[in-house]
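**Q** Chains as they are written, first to last, in our numbering: chain U, 99 to 393; chain C, 1225 to 1507.
Treat the hints loosely; a few may be bogus.
[Claimed, not checked] Taking lysine-lysine and the DSS-like style, the derived pairs with C-alpha atoms no more than 27 Å apart in a straight line are:
#1 U:K165 - U:K286
#2 U:K194 - C:K1237
#3 C:K1393 - U:K194
[Stated by the list, open to error] With beta-carbon atoms standing in for the labels, derived distance ranges:
#4 U:I141 - C:I1423: 32 to 38 Å
#5 U:L256 - C:A1245: 25 to 31 Å
#6 U:G150 - C:L1399: 31 to 37 Å
#7 U:I288 - C:V1298: 28 to 34 Å
#8 C:F1246 - U:V179: 16 to 22 Å
#9 U:H147 - C:V1259: 35 to 41 Å
#10 U:W300 - C:L1317: 48 to 54 Å
Think of the hints as simulated: they come from the structure by calculation, not from any bench.
Quick caveat: nothing in here was measured; it's all calculated off a predicted structure.
For each residue, glycine too, the CB sits at the ideal point set by N, CA and C.
What follows is each chain in one-letter form.
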Amino acid sequence: MTAVGRQRWLGPAMFLPSVLYIAVLIGVPFVLAILYAFSDARIGTTGIHLVGLENFRSILHSPSFHKAIRNSIVFTLSAQVIVIVCSNILSVALEKPFRGRGFIRFLILLPWVAPVSLGTIGWKWILDSIYSVFSWVLITAHMVKPYAAPMWLGEPHLAMASVVLVHCWRLIPFSTVIMLAGRSAIPKEIPEAAAIDGAGFWRTFFQIRIPIMAPILSVAVLFGIIFTFTDMTVVYILTAGGPFDSTQTLPSLAFATGIQGSDLAAGAAISLFLVPVLVAVAYLMLRVAHRAEVV
Amino acid sequence: MTGRTPLGRVGGKALHVFVLAFFTIALAFPFFWMVIASFKQNGDLYTVENNPFLFNLPPTLDHLRFLFGQTRFVRWLGNTALVGAIVVAITLLLSVPAAYALTRLTGRWGQRLGIGIFLTYLIPPTLLFIPLSRVVAILGLQDSIFALVLVYPSMTIPFSIWLLMGFFKSIPRELEDAAMVDGLTRFGAFIRMVVPISISGILTVVIFSFTLVTQEFVYALTFISPESNQMIGVGIPIFLVRGDVYYWGALMAACLIASLPIAILYNSFLDRFIAGFTVGSVK
Chain U
99 MTAVGRQRWL GPAMFLPSVL YIAVLIGVPF VLAILYAFSD ARIGTTGIHL VGLENFRSIL
159 HSPSFHKAIR NSIVFTLSAQ VIVIVCSNIL SVALEKPFRG RGFIRFLILL PWVAPVSLGT
219 IGWKWILDSI YSVFSWVLIT AHMVKPYAAP MWLGEPHLAM ASVVLVHCWR LIPFSTVIML
279 AGRSAIPKEI PEAAAIDGAG FWRTFFQIRI PIMAPILSVA VLFGIIFTFT DMTVVYILTA
339 GGPFDSTQTL PSLAFATGIQ GSDLAAGAAI SLFLVPVLVA VAYLMLRVAH RAEVV
Chain C
1225 MTGRTPLGRV GGKALHVFVL AFFTIALAFP FFWMVIASFK QNGDLYTVEN NPFLFNLPPT
1285 LDHLRFLFGQ TRFVRWLGNT ALVGAIVVAI TLLLSVPAAY ALTRLTGRWG QRLGIGIFLT
1345 YLIPPTLLFI PLSRVVAILG LQDSIFALVL VYPSMTIPFS IWLLMGFFKS IPRELEDAAM
1405 VDGLTRFGAF IRMVVPISIS GILTVVIFSF TLVTQEFVYA LTFISPESNQ MIGVGIPIFL
1465 VRGDVYYWGA LMAACLIASL PIAILYNSFL DRFIAGFTVG SVK
């Protein structure tokens, strides 16, 4: 074989193993997920017996599913709004060098760099029904009566707020470092020139910083959406979807139905409702990447 | 933020300190709280009237003794390290050559395929865990940590290829050309020239893959039920709880001990992962 001929085969030989691995362990299960959603597969059955839209008909009539889809959207959107506002403020504060910045940055990043299930367990203790430190502070400040503190994870609205809080807690560090990366890419001369031309802080902020930051901001939001919308860990550890499905999300309901309830078909059907959001995010991500290449 | 008057400057500085202090306390608080709980006696921990910020009884090492003596904590750490090491090896073996091929040997569509591979990183475990649980059972890997060894590379390879492609792009082509003029084959130039100078990129992939293994929850929860085969991410939150009894002291100590090394490792490489996350929107 000639050197050129060998080289033509070298490329595929080097990337095909990876592509095959991904195809077998992501592509095949993805197709199976779709097949299961149209079947009556349960844990223990073998083969795939298609039953058409049966699963979709029954989950669309289930109140748990309605709550799950509503919660997934509410949690994802409210977390993104809070995260974007907070991480913008925090990234401005972290931008300039100061003494101890490295250590402060490490403390701020802890929620993102530590395993999420372990950080969430920390919150479960902080939000405990009896020994919560928040309850102690409220009682000591005479804002609530002893033994009458709110059940942070036991009352529907408080439990929802807690889940959103923990998602924000986890995502703010991630979003902040992404924004810092974006900020460092703004040439210093541009805001300075604007200041000389008489533009105030807010004008510089909205007319110069935000437009320059737009691509990086959208990257932070898109990853944030994926990490919140498809997450099951926070909800599962904090509330397991309760009380009364009030914090149930699509992934946690899929787990409860498909694995714990051994109804694989219904579980697969529920998790397929994640796909439209994933496709939309992937499309927007491609646009960001494409624009970055052209510029 | 730039105040124009001295008063504005002082105000700006105070605001700066306040913002940093507020976020640092809010974000690090759960970990601070873990430290406190890890060393408190049960009598102190479970007395509602006690000020939870103080040690009302002397600190104790009981929770650590319980954790290391009477739970499977050490076993879980070992399982996690083992799975992490094998997944890192598989990830390197597959992603390093793939990333090189897609940057250098395949022309324009290599870049497109790279983006396509990156997009598979967006497909979450919560979409695939139900069919994969069946696949794992058919392969006879249920309840075995090798189920995770098989599945985790599908999460680490896409992002690693993406990270490495960015890295290889920055290596001047002349380097390999010179090596090939000196008689090395293309593959020889890759192994002898490109890999050695890419050590820091490869190290980034090692850290990324290992920390991802320690952070994953959904697959580990779905595939493995026996207590002794757990990873730390599931073992601690699920199996340190007996019935409805939470051993909060030991639980918090376990979270802290397992989190800190992972956090320090991840933190020291974070800026390079971020370069991957920004999808080229920062130059």
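**Q** Return holds or violated for the Cβ distance of U:I141 and C:I1423 against the range 32 to 38 Å.
**A** Violated, since U:I141 and C:I1423 (Cβ atoms, about 46 Å apart) do not stay within the stated range.
**Q** So the hint says 28 to 34 Å: do the beta-carbon atoms of U:I288 and C:V1298 match that?
**A** violated, 55 Å
**Q** Between U:K165 and U:K286, does the CA-CA distance stay at or below 27 Å?
**A** violated, 48 Å
**Q** Taking 48 to 54 Å as the stated bounds, is the beta-carbon spacing between U:W300 and C:L1317 within them?
**A** holds, 53 Å
**Q** Does the hinted range 16 to 22 Å hold for C:F1246 and U:V179 at CB?
**A** Between C:F1246 and U:V179, where Cβ atoms are some 18 Å apart, the hint holds.
**Q** Holds or violated: are the alpha carbons of U:K194 and C:K1237 at most 27 Å from each other?
**A** holds, 12 Å
**Q** How does the Cβ-Cβ distance of U:H147 and C:V1259 compare with 35 to 41 Å: does it lie in that range?
**A** violated, 54 Å
**Q** Does the Cβ distance between U:L256 and C:A1245 fall inside 25 to 31 Å?
**A** Between U:L256 and C:A1245, where Cβ atoms are some 27 Å apart, the hint holds.
**Q** Starting from the hint 31 to 37 Å, judge whether the C-beta atoms of U:G150 and C:L1399 obey it.
**A** Once the Cβ atoms are compared, 59 Å apart, the range 31 to 37 Å for C:L1399 and U:G150 is violated.
**Q** Is C:K1393 within 27 Å of U:K194, Cα to Cα?
**A** Violated: C:K1393 and U:K194 sit about 30 Å apart, past 27 Å.
In the structure shown, a violation is registered for the earlier hints numbered 1, 3, 4, 6, 7 and 9, in ascending order.
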